[in-house]
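A.B. asks: Letter by letter, the chains look like this.
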Amino acid sequence: MFRLCEVQKKRYFDSMFLMRVSQRLRAEPGITEAAVVMGTPANIQILLDLGFPKEELAHAGPNDLVVAIAGEDEEKVRAALAKVEELLSGGREVSPQAPKTLAQALAYLPNANIAVISLPGQYAGQEAKKALELGLNVFLFSSNVPLEVEIALKNMAREKGLIVMGPDCGTAIVNGVGLGFANVVRRGPVGVIAASGTGLQEFSSLVHRAGAGISHAIGTGSRDFSDSVGGLTALTAFEALEKDEGTKVIAIIAKPPGERTLALLAEKVKRSPKPVVACFLGPISETLRREWPGLLASTIDEAVVLTLQILGRPVPRFLSVTEEELARLALAEAGKLSPKQRYVRGIFAGGTFCYQAQLLFYRHGIQFRSNTPLSPQFALANPLRSEGHTLLDMGDEFFTQGRLHPMIDPTLRYERILAEAKDEEVAVILLDFVLGYNASSDPAGDLIPAILEAQAQREQQGTHLIFVGSVCGTEADPQNYEDQVRRLKNAGVLVFPTQAQATEFVLHLIGGR
Amino acid sequence: MEKLSPFQKLLAEGPKAINLGLPEFAEAMKAQGAEVVHVDWSPPPPEAEDLAEILEKLL
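For the protein sequence lines, the chains are A and F, in the order given.
Going by this note's numbering, 257 is the number at position 257 of the first sequence; the sequence numbering is gapless.
Going by this note's numbering, 20 is the number at position 20 of the second sequence; the sequence numbering is gapless.
Some clues are possibly wrong.
Said to hold, decoys possible - As a list, the in silico SDA-like pairs of lysine to any residue whose alpha-carbon atoms are at most 20 angstroms apart: (1) A:K243 x F:K3; (2) A:K243 x F:S5; (3) A:K129 x F:D40; (4) A:K130 x F:K3; (5) A:K248 x F:P43; (6) F:K9 x A:R158; (7) A:K160 x F:L4; (8) F:K9 x A:P189.
Hints were generated in silico from the structure; no laboratory data involved.
The task is simple: from the sequences and hints, build the whole structure.
C.D. replies: Pasting the structure below:
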């Protein structure tokens, strides 16, 4: 193994762009690891852990570019290093006149009304503050923004009648335009407030596929419903949707709120002239059940059904599949498994999908482990090694350090499918496929080769591996829902119209095992 | 009629965005017909520690 490090002083590139460069380098012949990163303390620690030499890395600072490559021999590593500059030059196709700051950009677009910020966490808060000072709303995609900064930004926004969606806000739909990872959905009477990105994507896609539409979908960021933030963004969103003429019903998708936040929200909902459906994904306390004045849904699917009923719209067939139907389907499939095959491995790109699957396992009384557990008792000791039924959020920090999110880069999910398939006790691999703007251009195609390879391996051993999946998206998405579903089905995947249904099916399949 | 807050105005008018960070986000918004200006952003000037380092080299 040959390792090489190079530090280039005062050279900045966007982290997601650098991850793409790293991904391309890893694919070079004879290369086992490659990282092109900014020299932040966290990145340096990762490189040290990977065995890169301390002497070189000691000189790197957060504003320096670090290139670290490991491979079979020096020749191959140097060949990869020679490609770095070419790859980096693809990242700066910006005209010299392009604005360098928020304030300059306002001169180009004086009527701008929102700043969309996806900078590294340590800079994002400062830029968000500047945006608010300039009178702009903020969509803050960045994570790793400190809690106290989030609170300060949200208080400032509320004083000015502005909103801060985020930090850690994956998606929103504002007046028909998707921000971040958003699906293409028709406009309609349903307003959404969501603390979870994939939760919002699944809900809005299902509403669309059921024939209805979305007025606006506001992301709040993952911490907004906690008592430390107190639902500052959710409250602003609620007040605006309440007054918005195009919104006839309001849906809320989040983990269960803190007690104080619940009281604030409940007060608003109680007085609201518009019906409110909430899907609080997590253990529902007695207080929550007692004090929530709106409708409560236990899954995203149920939230969609309740919303359609309020609107007086028919519930489509794909949302009214019964437990009996799923059980019948499961019975037919279970016959293909050997007695030894008992376990489910969920390998999710969407955090909410992993969470919703855990909730359904929990409600059915089926033991499981997860790297993002519902409660600490379900924690997986080592995210790299599954135990029994395991539900993995591959978008969790443990897996995404120095890599792109699995909704964009399929590598780790691909490898995990092959690894799980080698375990003879595995009966089912449960997958999600997330479509929409900024996601992979072909989520099904990314994983189909791994699915086929895993199946072929199993056939050779004389056993059968069941793949179950769901696709989050619409026919209007750039990746096309129907096309993705068709190709997955052709590859032998049992595709269900929603992620909750896919999980319910799997629970029937393994129920008696 | 009640005056719209800047957030309500955003909902009513749709996003006119200034994008800082991933250029892909700007492209996606443009593809949906929104007005977007992308900022060629770079980190703030070196912090005091780095400045001290530079001065030391110069002097």
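A.B. asks: Now tell me if each hint is right for this structure.
C.D. replies: Going through the hints against the structure:
1. For the given pair, K243 (chain A) sits about 12 angstroms from K3 (chain F) by alpha-carbon distance, which is consistent with the 20 angstroms threshold.
2. Proximity of K243 (chain A) to S5 (chain F) is assessed by CA-CA distance (about 11 angstroms); at most 20 angstroms being required, the pair is judged to hold.
3. Taken as a hint, the K129 (chain A) and D40 (chain F) pair is honoured in the structure, with Cα atoms around 18 angstroms apart against an allowance of 20 angstroms.
4. Proposed proximity of K130 (chain A) and K3 (chain F) is contradicted: the alpha carbons are some 24 angstroms apart, above 20 angstroms.
5. For the hint pairing K248 (chain A) with P43 (chain F), the CA-to-CA distance comes to about 43 angstroms; that exceeds 20 angstroms, so the pair is violated.
6. Our distance criterion of 20 angstroms between C-alpha atoms is met by K9 (chain F) and R158 (chain A), whose separation comes to about 14 angstroms.
7. Between K160 (chain A) and L4 (chain F), the direct Cα distance comes to roughly 12 angstroms. Compliance with the 20 angstroms bound is thereby established for this hinted pair.
8. For the hint linking K9 (chain F) to P189 (chain A), the alpha-carbon distance of about 18 angstroms falls within 20 angstroms, and the restraint holds.
The structure is inconsistent with the numbered hints 4 and 5, although it conforms to all the rest.
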